[in-house]
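Using the sequences and the hints given, assemble the complete structure.
Now for the letters of each chain:
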Amino acid sequence: MIEEPYRWVEAIANRREYIEAQLASGSPIAALGYREGILFLTLGQRRQKIFEIYDRIAMGAIGHPGDIERLRMAAIELASTEGFTRSAADVSLRRLVHYSLSPLMKGAFEQVYGAPYLARMLFAEVGERPAEDLFLRVEYDGEIASNGATFAQVRQDFAVLSGTRQSRELMESFLKAEHRADASFETALKAALDAWTVGHMTLQTNDAKELPERAAITKYRQEQLANTGIEAGVLERDAGRTIRYHSLSDTELRSLIND
Amino acid sequence: MDKLPVALDQNFSGAIGDFPALLRHKGLLAPAAAVSSTPKVGTPHETSWQPTEATTILAFKFSGGVLVAGDRRATAGNTVVYDRADKVLEIDRHSIMAIAGVPATAWEMARVLEHSFQYFRRTQLQEMSVDGKVRALSKLLRDNFGFVMQGVGVVVPIFATYDSHPKPEARLYFYDAMGAQFEATDYAATGSGSPAVRGILYYENNWGAKPLQKLGEDEAVSIALRALDTAAESDTSTGGVDRGGKIYPLIKTVSSEGITTLPEGKIAAVFKETVA
Chain A
24 MIEEPYRWVE AIANRREYIE AQLASGSPIA ALGYREGILF LTLGQRRQKI
74 FEIYDRIAMG AIGHPGDIER LRMAAIELAS TEGFTRSAAD VSLRRLVHYS
124 LSPLMKGAFE QVYGAPYLAR MLFAEVGERP AEDLFLRVEY DGEIASNGAT
174 FAQVRQDFAV LSGTRQSREL MESFLKAEHR ADASFETALK AALDAWTVGH
224 MTLQTNDAKE LPERAAITKY RQEQLANTGI EAGVLERDAG RTIRYHSLSD
274 TELRSLIND
Chain B
7 MDKLPVALDQ NFSGAIGDFP ALLRHKGLLA PAAAVSSTPK VGTPHETSWQ
57 PTEATTILAF KFSGGVLVAG DRRATAGNTV VYDRADKVLE IDRHSIMAIA
107 GVPATAWEMA RVLEHSFQYF RRTQLQEMSV DGKVRALSKL LRDNFGFVMQ
157 GVGVVVPIFA TYDSHPKPEA RLYFYDAMGA QFEATDYAAT GSGSPAVRGI
207 LYYENNWGAK PLQKLGEDEA VSIALRALDT AAESDTSTGG VDRGGKIYPL
257 IKTVSSEGIT TLPEGKIAAV FKETVA
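Line by line, the protein sequences are chains A and B. With my numbering, letter number 148 in the first sequence gets 171, and the count goes up by one each step, no holes. With my numbering, letter number 179 in the second sequence gets 185, and the count goes up by one each step, no holes.
Check before you lean on any hint, since a few could be wrong.
Here are the simulated distance ranges between beta carbons [stated by the list, open to error]:
hint, chain 1, residue 1, chain 2, residue 2, range
1, B, Gln219, A, His269, 27 to 37 Å
2, A, Arg203, B, Ala39, 55 to 65 Å
3, B, Val86, A, Glu166, 51 to 61 Å
4, B, Lys145, A, Ser207, 43 to 53 Å
5, A, Lys199, B, Arg117, 36 to 46 Å
Pulled from the structure, derived: some chain A residues nowhere near chain B, Cβ distances all over 12 Å [as the list claims (entries may be wrong)]:
hint, residue
6, Glu27
7, Arg38
8, Ile76
9, Asp205
10, Asp261
Don't read these hints as lab results, they were simulated from the structure. For each residue, glycine too, the CB sits at the ideal point set by N, CA and C.
Structure representation (structure tokens):
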């Protein structure tokens, strides 16, 4: 099969289609930079999706739990050994993702006789100022998207992850309009919840091109909040602390939502 | 070509959450040295091994948790190498390791320990228990014992922490060079100046104005300073309080709130009032 280039391309295309279908039902994750840090948020209670990686780095992921676990472990191992042998300041998300995780995932994806990683991940590293926050989304094939400015877009202070491309793009356009880097925690929390709602609403449909109406978002969000738990974590910007990550409980978040 | 920085680690070295094992696997930590009784070339003493942990550190429980204090002097033989050494080290939000012994080994151990606890929490998604932490230090000491027998790298630490489970209480442990751990009910001291300190703490605890566990913070600091100054009186390897250079011992406390490093100004004030 591999001898013929055409067959290899076909095999890769099939594999891509298969993985996309597997990931399509993944519940969205939103990561928003705000004044005092970065907030990660998702809804659901089947299994944990937001994790601490190192002092200033956190990760959210959808996909197969076994694959997420292997990648999470690789990231923690790498960051911890780097932080031990050099210093915590030398652990950088950019290096972790660009030089280690991305080649690893691309390699596995293109070895058509081996198993690819069924995972899509969102990493964030908190900076001293919101302008220094780094968000990286890593796809199952090693593709990396960052929040940095390109010819097509300005720099963003958030990043999202969802089961389908359409759902992700709608979440992004929602946050582009609704979120600002100097938001307070409460404002960011509401924007993250709404972004999740937009993402989850548009996962089910194939032809959602426009953002849902504001009232529809609120109604859907209330319905979902009644049935599922909130999972969230924060990377604090406070430079006085070494370890910036802590998770937030469902109950303490609900007391802030009040609607 | 070298392996990818992230080797496709199918063995899950991380799954058991053992950071020292991961470091050894990657060749980043010296392997545990074999214990041999044959003295190596350059061994300072031709006779059998002698403890040379030249310093004084002490810890005792008081009303606000545990107080840990250490002098600042680092020596090599008869020479004072450094008079601002930091021997009372924070390992995590609630744990302090205070060290007597060879600084290079001790600081490395503290670093390994600090990363071990974080690594365990991040990989296993739960905090390591106090018993697990105490045991982790014990294992590092045991792995180091081969070097100790060769005459290098002896470390005798004290470990103080605050346990919130099953009931909230301060806990204090001391070790020997082989890694045996002992839980102290009231106080612990190690290093070359420790016999004097142990005498003072025993006396204070039994016949002092009040037992150590009832002392307020200022009273506790005062006793720690007096004890270190007494140790420095007869032990050349202990710095005590340098009155001319205004160098005070390092004192930290652990409580349910976490670790507090007492500001030098406060230590100086207590010293002036009750010791000098």
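These are the hints, each one checked on the structure:
no.	hint	verdict
1	B:Gln219 x A:His269: 27 to 37 Å	32 Å, holds
2	A:Arg203 x B:Ala39: 55 to 65 Å	57 Å, holds
3	B:Val86 x A:Glu166: 51 to 61 Å	59 Å, holds
4	B:Lys145 x A:Ser207: 43 to 53 Å	46 Å, holds
5	A:Lys199 x B:Arg117: 36 to 46 Å	43 Å, holds
6	Glu27	27 Å, holds
7	Arg38	18 Å, holds
8	Ile76	7 Å, violated
9	Asp205	30 Å, holds
10	Asp261	14 Å, holds
Hint 8 from the list above is the single one not met by this structure.
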